[in-house]
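**Q** Sequence:
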Amino acid sequence: MPLPREATSDDAALLARLLRESFEEYRGRLEPPSSAHGKTEAAVRRELEDHHVWYGRLGYQLLSQGTHPGFPAPTFLVLEKHLCVE
Numbered sequence: 001m002p003l004p005r006e007a008t009s010d011d012a013a014l015l016a017r018l019l020r021e022s023f024e025e026y027r028g029r030l031e032p033p034s035s036a037h038g039k040t041e042a043a044v045r046r047e048l049e050d051h052h053v054w055y056g057r058l059g060y061q062l063l064s065q066g067t068h069p070g071f072p073a074p075t076f077l078v079l080e081k082h083l084c085v086e
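All residue numbers for the sequence shown refer to the working numbering, where the first residue is 1 and numbers rise by one.
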């Protein structure tokens, strides 16, 4: 079994399928409806790239990454942003 790794835009088709399948049981039961039902590979690619760019534009920098108990690879990122007070 391969070790978990951070998803990249190369995984977009798989991620889109997983999102759609995972939320299928909630179709018609959520208000407002989940956007996961219509996820496409293109949307997931854009969101993966935009996510890192968006935080960077807000002034955040990657400080470290961590791993939750029971996982062999990083499961979260710690971002840092310096604030100024006048």
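One thing to keep in mind: the hints can contain errors.
[Stated by the list, open to error] The calculated label-pair distances, taken between Cβ atoms and stated as ranges, are: (1) Glu24 x Arg46: 32 to 40 Å; (2) Asp50 x Glu21: 18 to 26 Å; (3) Leu58 x Arg29: 16 to 24 Å; (4) Pro4 x Glu86: 19 to 27 Å; (5) Ser9 x Gln61: 19 to 27 Å; (6) Glu47 x Glu25: 17 to 25 Å; (7) Arg27 x Glu86: 22 to 30 Å; (8) Glu86 x Leu58: 42 to 50 Å.
[To be verified] Here are the simulated EDC-like cross-link-like pairs (lysine to aspartate or glutamate), alpha carbons at most 20 Å apart as the crow flies: (9) Lys39 x Asp50; (10) Lys39 x Glu49; (11) Lys39 x Glu21; (12) Lys39 x Glu24; (13) Lys39 x Asp10; (14) Lys39 x Glu25; (15) Lys81 x Glu31.
Derived by calculation from the structure, the hints in this document are not laboratory data.
All figures in this text were calculated on a predicted structure; none of them were measured in a lab.
By construction, the Cβ of each residue, glycine as well, lies at the ideal position given by its N, Cα and C atoms.
**Q** None of the hints should be skipped; say for each whether it holds.
**A** Taking the hints in turn, this is what the structure says about them:
1. Against the hinted window of 32 to 40 Å, the Cβ-Cβ separation of glutamate 24 and arginine 46 comes to about 22 Å, which falls outside the hint.
2. Remark: the range hint 18 to 26 Å for aspartate 50 to glutamate 21 is upheld by a beta-carbon distance near 23 Å.
3. Checked against the hint of 16 to 24 Å, the pair leucine 58 and arginine 29 fails, with Cβ atoms roughly 34 Å apart.
4. The given range of 19 to 27 Å is broken by proline 4 and glutamate 86, whose C-beta atoms sit roughly 43 Å from each other.
5. As the Cβ distance of serine 9 to glutamine 61 is approximately 21 Å, the hint placing it in 19 to 27 Å holds.
6. Remark: the range hint 17 to 25 Å for glutamate 47 to glutamate 25 is upheld by a beta-carbon distance near 22 Å.
7. For arginine 27 and glutamate 86, the hinted distance range of 22 to 30 Å is not satisfied, since their beta carbons lie about 50 Å from each other.
8. Restraint check, glutamate 86 to leucine 58: a C-beta distance of roughly 19 Å breaks the suggested window 42 to 50 Å.
9. This hinted pair checks out: lysine 39 and aspartate 50 have alpha carbons roughly 15 Å apart, not beyond 20 Å.
10. For the suggested pair lysine 39 and glutamate 49, the alpha carbons sit about 15 Å apart, so the restraint of at most 20 Å is met.
11. Between the alpha carbons of lysine 39 and glutamate 21 the distance comes to roughly 10 Å, so the proposed pair stays at or under 20 Å and holds.
12. Only pairs whose Cα atoms come within 20 Å are accepted, and lysine 39 paired with glutamate 24 is accepted, the gap being roughly 12 Å.
13. Note on lysine 39 and aspartate 10: the hinted pairing holds, with a Cα-Cα distance of about 15 Å set against a maximum of 20 Å.
14. About 15 Å separates the Cα atoms of lysine 39 and glutamate 25, which keeps this hinted pair within 20 Å; it holds.
15. Proximity of lysine 81 to glutamate 31 is assessed by CA-CA distance (about 34 Å); at most 20 Å being required, the pair is judged violated.
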